[in-house]
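With these hints in hand, go ahead and build the complete structure from the sequences.
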Amino acid sequence: MRTFHKFLDPVALSRLGDMELVARLVVEGFITGLHKSPYQGFSVEFAEHRQYMPGDEIRYIDWKVYGKSDRYYVKKFEEETNLRTYILLDASGSMNYKYDEKTLTKFEYGCYLAASLSYLMLKQRDSVGLAVFDTNIRNYIPPRGTAPHLHAIMSVLEKAQPGNETNISAILHELAKRIVRRGLVIVISDFLDQPSEVLSALKHFRHRKHEVIAFHLLDSAEMTFPFEGPVVFQDMETGKTLQTQSEALKAGYLDQLNSFIQDYRRGCGSSLIDYVQLDTSTPFDYALSSYLSRRK
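Each number in the numbering used here corresponds to the 1-based position in the sequence shown with 636 added.
Think of the hints as simulated: they come from the structure by calculation, not from any bench.
A quick note: this is a predicted structure, and the numbers were derived from the prediction, not measured.
Accuracy of the hints is not assured; some may be wrong.
Unchecked claim - No more than 30 angstroms apart at the CA atoms, straight line, and that leaves these computed lysine-lysine pairs for DSS-like:
hint	residue 1	residue 2
1	K839	K813
2	K759	K795
3	K734	K795
4	K876	K738
5	K845	K813
6	K813	K759
7	K795	K876
8	K734	K876
9	K886	K876
10	K813	K795
11	K738	K795
12	K704	K759
13	K700	K759
14	K738	K886
15	K845	K759
16	K734	K886
To be verified - Label-pair ranges, simulated between beta-carbon atoms:
hint	residue 1	residue 2	range
17	K876	P784	43 to 53 angstroms
18	I697	Q797	44 to 54 angstroms
19	S705	A857	40 to 50 angstroms
20	K876	R844	33 to 43 angstroms
21	K738	V867	14 to 24 angstroms
22	H787	F896	33 to 43 angstroms
Where is the CB? At the ideal position from N, CA and C, for every residue including glycine.
The structure is reproduced here in structure tokens:
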């Protein structure tokens with residue numbers, strides 16, 4: 637029997653090519669999965685209703701919905717339903733890395749994740765915007781909540797390519813100043829920068845009263861260091877190379893990587909920032925459930 641997880645595998649979905657179709661399959665497959673138990677408690681069907689709570693006025697109960705579901709729902713007003721979300725996607729050169737030719741680059745994974753989140757938000761009647769950055773903010777689309785807005789976001793994501801070096805913290809500080817209206821800020825990046833500086837920039841969003849989710853993308857090889865024998869490493873942003881014996885580096889590298897991730901995990905936790913570490917083989921439902929946890 638086919639399960640919804642087949643519609644959430646990053647590599648299989650990427651073969652379809654059409655980003656909007658991928659986003660739709662991810663979200664519809666994810667919604668199917670919600671009803672099969674992994675993430676019970678999230679409501680994705682009734683964007684215009686919410687469950688009745690003690691204290692709500694009875695006159696706002698939707699009796700037609702009650703007749704169909706035998707549950708009480710009250711009608712939501714527009715200001716109650718709309719969440720304003722800003723997706724900030726790192727397009728620096730390091731995001732173009734992949735160890736295995738059969739997998740996605742971090743940037744490709746990030747694009748599909750951004751597309752799927754955008755589709756889900758608009759399906760929920762929320763508004764969503766997008767910023768793509770490296771050394772500069774290359775694209776900025778303010779949040780909108782209309783169906784045609786999805787095409788604008790998909791068009792930018794389909795044309796985007798990873799490019800230059802980046803100073804993540806400086807760009808995030810700039811975006812924090814630009815984004816005035818409070819909302820949910822989702823940052824998708826490998827965060828290959830000084831954790832203290834990046835965390836300072838993420839806290840800037842919190843200082844401005846935004847909710848924040850940090851999706852930390854890494855390739856599986858970056859997590860496990862599978863290299864053997866003599867190897868040449870090349871910096872994807874500067875082009876500098878290092879020739880060495882992989883065995884001499886592995887233990888120290890993995891220790892530093894663990895410290896690197898823990899710095900982000902602790903720093904985000906202390907600032908009430910949701911930190912979600914993903915590698916590029918992670919099914920998209922894990923990331924979408926993290927978003928819905930914050931949305932709820």
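- Holds or violated: are the alpha carbons of K813 and K759 at most 30 angstroms from each other? Holds, because 28 angstroms separates the two Cα atoms, which is no more than 30 angstroms.
- Is 14 to 24 angstroms a correct range for the gap between the Cβ atoms of K738 and V867? The hinted range 14 to 24 angstroms holds for K738 and V867, with Cβ atoms some 20 angstroms apart.
- Taking only the CA atoms, is the gap from K734 to K876 under or equal to 30 angstroms? holds, 18 angstroms
- Task: Take a look at whether the Cβ-Cβ distance between S705 and A857 falls inside 40 to 50 angstroms.
- Result: holds, 48 angstroms
- 30 angstroms Cα cutoff - pair K738, K886: This hinted pair holds, its Cα atoms lying about 24 angstroms apart.
- K813 and K795: Cα distance at most 30 angstroms? holds, 26 angstroms
- Would the pair K734 and K886 pass a check requiring their Cα atoms to be no farther apart than 30 angstroms? holds, 18 angstroms
- Does K876 lie within 30 angstroms of K795 when you go C-alpha to C-alpha? Holds, at about 27 angstroms.
- 44 to 54 angstroms as the expected CB spacing between Q797 and I697, which holds or is violated: Taking Cβ atoms as reference, I697 and Q797 lie about 51 angstroms apart, which means the hint holds.
- Restraint status (C-alpha distance of K886 to K876 at most 30 angstroms): It holds: about 20 angstroms lies between the C-alpha atoms, which stays within 30 angstroms.
- Message: Against the 30 angstroms threshold, does the CA-CA distance of K759 and K795 hold or violate the hint?
- Response: Since the Cα atoms of K759 and K795 sit roughly 23 angstroms apart, the hinted pair holds (cutoff 30 angstroms).
- Query: Between H787 and F896, is the Cβ distance one that fits in 33 to 43 angstroms?
  - Reply: The hint (33 to 43 angstroms, Cβ to Cβ) holds, given that H787 and F896 are roughly 38 angstroms apart.
The structure is consistent with each of the numbered hints, conforming to all of them.
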